[in-house]
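A.B. asks: Let the hints inform the model, and build the full structure from the sequences given.
First to last, the protein sequences are chains A and B.
Take 1 as the starting number for the first sequence in UniProt numbering and just add one per residue.
Take 1 as the starting number for the second sequence in UniProt numbering and just add one per residue.
Don't read these hints as lab results, they were simulated from the structure.
Be a bit skeptical, because a hint or two may be false.
When chains are identical, the list treats them as one kind, so a pair holds in a single copy or across two.
[As the list claims (entries may be wrong)] Listed next, the in silico DSSO-like pairs over lysine-lysine satisfying Cα-Cα at most 27 Å (straight line): (1) 15 / 238; (2) 95 / 39; (3) 149 / 238; (4) 158 / 63; (5) 149 / 63; (6) 158 / 267; (7) 95 / 63; (8) 149 / 95; (9) 95 / 15.
Since this is a predicted model, take the numbers as computed values, not measurements.
Protein chains: 2
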Amino acid sequence: MPKLIRMERARDKQKRPVMMAIAGDSAAGKTTLTKGLVKALGPERVTAICVDDYHRYDRQERKTLPFTALHPDCNYVEIMEQHLQLLAMGEPILKPVYDHDTGLLARPELVEPRDFVIVEGLLPLHTRISRACFDIAVYLGPPEEIRRKWKIARDTQKRGYQPEQVAAELERREPESAAYIRPQRAFADLVVRFAPIAGRDDPPNTPLSAELLLRPTIRHPGLSTILDSSERRSIHLKMSRDEDGRPCDALHVHGYAPIEESQVVQKAIWSRLGVDAELPDALGDLGTGQRSEPLGITQLLLLYHLLDAQRSGSHQAAAQ
Amino acid sequence: MPKLIRMERARDKQKRPVMMAIAGDSAAGKTTLTKGLVKALGPERVTAICVDDYHRYDRQERKTLPFTALHPDCNYVEIMEQHLQLLAMGEPILKPVYDHDTGLLARPELVEPRDFVIVEGLLPLHTRISRACFDIAVYLGPPEEIRRKWKIARDTQKRGYQPEQVAAELERREPESAAYIRPQRAFADLVVRFAPIAGRDDPPNTPLSAELLLRPTIRHPGLSTILDSSERRSIHLKMSRDEDGRPCDALHVHGYAPIEESQVVQKAIWSRLGVDAELPDALGDLGTGQRSEPLGITQLLLLYHLLDAQRSGSHQAAAQ
Chain A
1 MPKLIRMERA
11 RDKQKRPVMM
21 AIAGDSAAGK
31 TTLTKGLVKA
41 LGPERVTAIC
51 VDDYHRYDRQ
61 ERKTLPFTAL
71 HPDCNYVEIM
81 EQHLQLLAMG
91 EPILKPVYDH
101 DTGLLARPEL
111 VEPRDFVIVE
121 GLLPLHTRIS
131 RACFDIAVYL
141 GPPEEIRRKW
151 KIARDTQKRG
161 YQPEQVAAEL
171 ERREPESAAY
181 IRPQRAFADL
191 VVRFAPIAGR
201 DDPPNTPLSA
211 ELLLRPTIRH
221 PGLSTILDSS
231 ERRSIHLKMS
241 RDEDGRPCDA
251 LHVHGYAPIE
261 ESQVVQKAIW
271 SRLGVDAELP
281 DALGDLGTGQ
291 RSEPLGITQL
301 LLLYHLLDAQ
311 RSGSHQAAAQ
Chain B
1 MPKLIRMERA
11 RDKQKRPVMM
21 AIAGDSAAGK
31 TTLTKGLVKA
41 LGPERVTAIC
51 VDDYHRYDRQ
61 ERKTLPFTAL
71 HPDCNYVEIM
81 EQHLQLLAMG
91 EPILKPVYDH
101 DTGLLARPEL
111 VEPRDFVIVE
121 GLLPLHTRIS
131 RACFDIAVYL
141 GPPEEIRRKW
151 KIARDTQKRG
161 YQPEQVAAEL
171 ERREPESAAY
181 IRPQRAFADL
191 VVRFAPIAGR
201 DDPPNTPLSA
211 ELLLRPTIRH
221 PGLSTILDSS
231 ERRSIHLKMS
241 RDEDGRPCDA
251 LHVHGYAPIE
261 ESQVVQKAIW
271 SRLGVDAELP
281 DALGDLGTGQ
291 RSEPLGITQL
301 LLLYHLLDAQ
311 RSGSHQAAAQ
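C.D. replies: In structure tokens form, the structure reads like this:
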């Protein structure tokens with residue numbers, strides 16, 4: 001009896017979502033970045049998942065293992081690839097769930113892709129197949145001393161660890177960060193770095209500046225006409241050379257950028273989209289009650305790419 | 001950036017397994033049937049899963065719902081379809097796990113398809129897509145009074161229920177058994193019914209007889225030359241009409257069949273395969289220390305089909 005095995009639903013019924021990866025090390029700020037995007041688009045249009053749920057072992061089991069949660073062998077990488085492919089084809093998945101509070105693997109949950117799927121985590125860009133699932137790939141890499149501060153703050157406040165425990169864990173993880181997490185930077189269309197500006201003596205509570213590497217692997221909004229490279233402005237665009245020598249744009253948004261100047265740039269980016277909608281006002285929220293123009297402009301740029309991919313339908317054609 | 005979304009591994013790397021479904025109501029004997037097959041083939045060659053693991057709600061949650069665990073809405077049917085398709089293509093899955101002891105949904109487990117995948121459960125033949133995944137489809141349907149006895153025995157001995165609770169549950173489930181479980185019988189290549197023979201007064205502990213409907217939807221081993229329809233024999237083959245009037249074969253194996261006669265038939269079936277291997281001796285084990293020739297012959301026939309599908313490679317060609 002000849003029988004037909006095929007991902008049938010994928011072909012006809014489902015619309016393919018726009019897929020964005022936000023990769024980065026633990027406490028790099030992935031969730032804060034994602035939250036603003038979800039809020040700006042509206043949660044009814046976005047599916048946001050974290051691929052750290054694909055941990056293969058629970059916290060207790062990991063204690064006996066020679067590697068940390070960062071290691072690919074500590075994750076169901078093949079299943080992650082499979083689920084990313086399914087989501088990219090518009091298919092639902094039954095996603096595993098890792099509970100950060102208890103350190104246990106819990107019952108899985110049904111995830112159905114909405115118009116936009118944002119996938120954050122430690123290893124979303126680790127393999128060739130996983131990378132092929134994304135329309136936009138982002139790598140978030142603050143300086144290590146900043147990330148260290150963020151990780152200690154979060155893990156002690158929200159996950160019940162002692163500062164020395166977090167410091168020891170960071171040290172234990174460093175070789176695997178170097179081997180598996182940071183190499184993903186090379187595969188990103190946008191590399192985002194929040195950092196203080198060296199040599200400046202800004203007042204306390206000045207937000208961190210953002211430095212965005214805009215690689216020519218996707219089409220960024222043309223900003224050179226509105227942003228010259230003058231150092232006098234708090235937001236500027238510079239031609240730069242990537243690590244491999246290829247030219248790329250580097251967008252700098254200084255932490256002291258006044259909201260008025262930020263608004264001019266945001267409106268310019270937004271108008272490039274040509275959509276008949278208001279500039280979203282949910283951007284730049286640090287989650288601490290504070291606003292950050294560098295964060296806001298970063299989120300707006302990502303939002304631009306999500307909407308541009310949907311508008312152009314390039315993700316549909318590419319997925320045929 | 002045009003990106004390629006495709007189930008890549010499926011195409012090249014993996015060998016497709018032979019897929020068999022064993023569908024039937026709760027306590028119809030699916031696990032007993034499956035165990036003998038796994039033992040005969042060797043556990044290293046078989047992946048056996050139960051699709052009742054695709055329950056959407058845990059026991060507590062189900063108490064507030066207007067349907068029972070038998071209802072498709074009480075199961076992740078779309079995910080079951082997806083996972084069956086993946087297994088049929090030789091892909092691993094992260095299978096949900098329902099714990100019958102606690103009634104809870106637990107952490108999922110990685111399942112990698114071996115040469116043979118046996119899928120038992122309440123609803124493996126419920127949808128068109130799920131049915132398309134199988135090379136061999138079996139429906140197990142003992143008379144209701146037998147199944148009732150089995151279910152009460154199992155649920156009180158192994159799952160901690162009181163007999164009245166099981167009886168009430170059976171009654172509550174009956175409309176859904178009629179609506180969703182029993183209709184799967186129509187889609188089976190083999191229908192298996194273990195039952196006592198009406199009007200006979202066999203000694204106690206005589207195993208139940210087996211009545212196997214062999215539908216022409218797959219190619220059964222030619223048995224007509226060795227099994228005539230004489231009523232004097234304890235094992236016989238009869239032309240019969242299916243519910244829809246189409247002709248099919250009905251194989252009867254009486255519970256009192258002597259092991260010598262059973263062996264003759266088993267050897268005949270086995271020789272049809274033309275394999276250079278001994279007839280497996282793990283068949284017919286009732287799990288109670290007793291043997292049953294009707295169970296043994298049923299298992300051997302299923303084993304024949306598993307090996308025949310693998311040998312002929314028909315599942316590979318069909319899955320292209």
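A.B. asks: Work down the list of hints and note, for each, if the structure agrees.
C.D. replies: Outcome of the hint check:
1. 15 / 238: For residue 15 and residue 238, the Cα distance exceeds 27 Å both inside one copy (38 Å) and across copies (52 Å).
2. 95 / 39: The answer is within: 22 Å in one copy meets 27 Å, while 32 Å across copies does not.
3. 149 / 238: Neither, since 29 Å and 79 Å both go past 27 Å.
4. 158 / 63: within (21 Å within a copy, 34 Å between copies)
5. 149 / 63: Within one copy, since 24 Å is at most 27 Å while 47 Å is not.
6. 158 / 267: Close neither inside one copy (36 Å) nor across copies (67 Å); limit 27 Å.
7. 95 / 63: both (24 Å within a copy, 25 Å between copies)
8. 149 / 95: neither (31 Å within a copy, 38 Å between copies)
9. 95 / 15: Both: 20 Å inside a chain and 25 Å across chains, each within 27 Å.
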